[in-house]
Amino acid sequence: MTDLAWLDAAVTGARPQAMAALLRYFRDLERAEEAFQEASLRALKTWPQNGPPRDPAAWLIMVGRNVAIDQLRRERRSQELPDEASLSDLDDAEGALVQRLDDGHYRDDILRLLFTCCHPDLPATQQIALALRVVSGLSVKEIARAFLVGEAAMEQRITRAKRRIAEAGVAFETPGPVERAERVGVVAAMIYLLFNEGYSASGGDAQLRLPLSEEAIRLARLLVRLFPSEPEVLGLLALLLLQHARAAARVDAEGEIVLLDDQDRSLWDRGMIAEGEALLDKAMRHRRPGPYQLQAAIAALHSTAASSAETDWGQIDLLYAGLEQMEPSPVVTLNRAVAVARAQGAEAALAMVEPLEAKLAGYFHFFGVRGALLKELGRTAEAREAFGRAIALARTAQEAAHIRMHLDGLDDNGRSRWATKKVPQPPGAD
Amino acid sequence: MKYAVFCYHSENVVCAWSREHDEAVMAKLGAVQETWAKAGKLGPVARLMPTTAATTVRKDNDPPLVLDGPFAETKEQLLGFFMIDCAGLEEALAFTRELAEANPGGAYEVRPVGYFVDWSTGR
Chain W
0 MTDLAWLDAA VTGARPQAMA ALLRYFRDLE RAEEAFQEAS LRALKTWPQN GPPRDPAAWL
60 IMVGRNVAID QLRRERRSQE LPDEASLSDL DDAEGALVQR LDDGHYRDDI LRLLFTCCHP
120 DLPATQQIAL ALRVVSGLSV KEIARAFLVG EAAMEQRITR AKRRIAEAGV AFETPGPVER
180 AERVGVVAAM IYLLFNEGYS ASGGDAQLRL PLSEEAIRLA RLLVRLFPSE PEVLGLLALL
240 LLQHARAAAR VDAEGEIVLL DDQDRSLWDR GMIAEGEALL DKAMRHRRPG PYQLQAAIAA
300 LHSTAASSAE TDWGQIDLLY AGLEQMEPSP VVTLNRAVAV ARAQGAEAAL AMVEPLEAKL
360 AGYFHFFGVR GALLKELGRT AEAREAFGRA IALARTAQEA AHIRMHLDGL DDNGRSRWAT
420 KKVPQPPGAD
Chain X
0 MKYAVFCYHS ENVVCAWSRE HDEAVMAKLG AVQETWAKAG KLGPVARLMP TTAATTVRKD
60 NDPPLVLDGP FAETKEQLLG FFMIDCAGLE EALAFTRELA EANPGGAYEV RPVGYFVDWS
120 TGR
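Protein chains in written order, with numbering that gives the first Met the number 0: chain W, 0 to 429; chain X, 0 to 122.
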């Protein structure tokens, strides 16, 4: 490993904490970010000579704060710039700062930083882009590539998001327990969205968007470290790890999405699955189930099954039933129906799916699942019609191609590879 | 004399490594281990999951208190360990220096082992 790589990792690792503290000092996202940039540049210059500081985050906070204060003074034209020496003589100050950081204030600082990026005035895509820029420290170029937009457009999106936050103001009061819990929920939702941005990618884009999922895992890890006993936070990290563990098997050589049933399970990342399970174990000990834990439990059942046939579909059905109660949604019911089809048969599943039509009339996967169930029951004409509607609603060529495979099977007098009890799963069904 | 070599490093830093970087570090550490294993001096080696996966049992309470998270919140965390059986401290330090060269940053703690049983082999 080169020194530079270590430096880079140290600066990136310290970024959330340092940015969070700078945001508390200056109450201004833009200024905090500039201060951090400058501190990082100085770190790259001085750390290789003097060796890394004991606490990189504390170092970056001190230097960043001094830099920004100088900047403020300069803007007021009241004082000369202090020389470099006063900045590098940080030992005493660093000690005091480390003490303060240890007090645990930094927890609310980092939560505030994350929460600021999730401002309700911002559309989800801007929240995510901002978090990637401000908290993760990805360059605008990297973010633009992951979102498949031009650099200028992404720059504009982030600038606009920052402006809106500056106008709205940052919430600086220390949150009470209820408010803190709310903030954690909002931040968790943003992290999950970010993950799905990377996860739902398909075709040639999948590789490009993978970093989004990886960043989401990193942020979820950060959230667990801040709130180690919050079962839903543990559940979120578990869920992301369990889903991400399948990344290598989700896309084939042509860049096409491979559905869970057809994935080569030897490509799944066993280390990630083990960590996800360990986290889920910890979460469930608290006996306070929530949507992330339930989804993680479903993902864990898939991850530990040797094959689709050996999956505990009955248990997955029960977990979806729990999820339905907590967060009723027709998509959750649709996913549950897929498990029911495997556990109890197509008839029971179809009875569950039919009432959803009014709510899911524009949803590709609804007709895909319905068609497959009808086909399994030998109701070929109805199946054909459902597949036709699915193709009309497909958003990508892959989705349409997948349904055509089902249709081809039908033309084969019903004797097809789909004649087994196989129902395609909507995304998130795992 | 048996020694345990504990690896401490900032989890923030290690978790910020790219996959390629992580694999490169593991490969370099693997090469060091191979030499010492061939000489019959290397015992169990473990890389621990992040401290976010840890649970702590405080046994100064009765009944013991089960807490989420690692034993202590520290700047650098215990991330793994190696066990070696060698002539003495000098040799243990030689091993540790090789590890350090393969994986700079953080610290290794070299601790002589007072009692050791490997139930999996019965030795």
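What the hints contain is simulated information worked out from the structure, not anything from laboratory work. We treat Cβ as the ideally placed atom computed from N, Cα and C, and that holds for glycine. Worth double-checking, as some hints may not be accurate.
Said to hold, decoys possible - Each computed DSS-like pair below joins lysine-lysine, with the alpha-carbon atoms no more than 30 angstroms apart:
{"no.": "1", "chain 1": "X", "residue 1": "LYS1", "chain 2": "X", "residue 2": "LYS74"}
{"no.": "2", "chain 1": "X", "residue 1": "LYS58", "chain 2": "X", "residue 2": "LYS40"}
{"no.": "3", "chain 1": "W", "residue 1": "LYS44", "chain 2": "X", "residue 2": "LYS74"}
{"no.": "4", "chain 1": "X", "residue 1": "LYS27", "chain 2": "W", "residue 2": "LYS44"}
{"no.": "5", "chain 1": "X", "residue 1": "LYS37", "chain 2": "X", "residue 2": "LYS74"}
{"no.": "6", "chain 1": "X", "residue 1": "LYS40", "chain 2": "X", "residue 2": "LYS1"}
What the hints assert, rightly or not - Covered by chain W, according to a simulated footprint, are these stretches of chain X (three or more residues, beta-carbon under 8 angstroms):
{"no.": "7", "stretch": "41-51"}
{"no.": "8", "stretch": "79-90"}
Numbers of the earlier hints that this structure fails to satisfy, in rising order
2, 5 and 8
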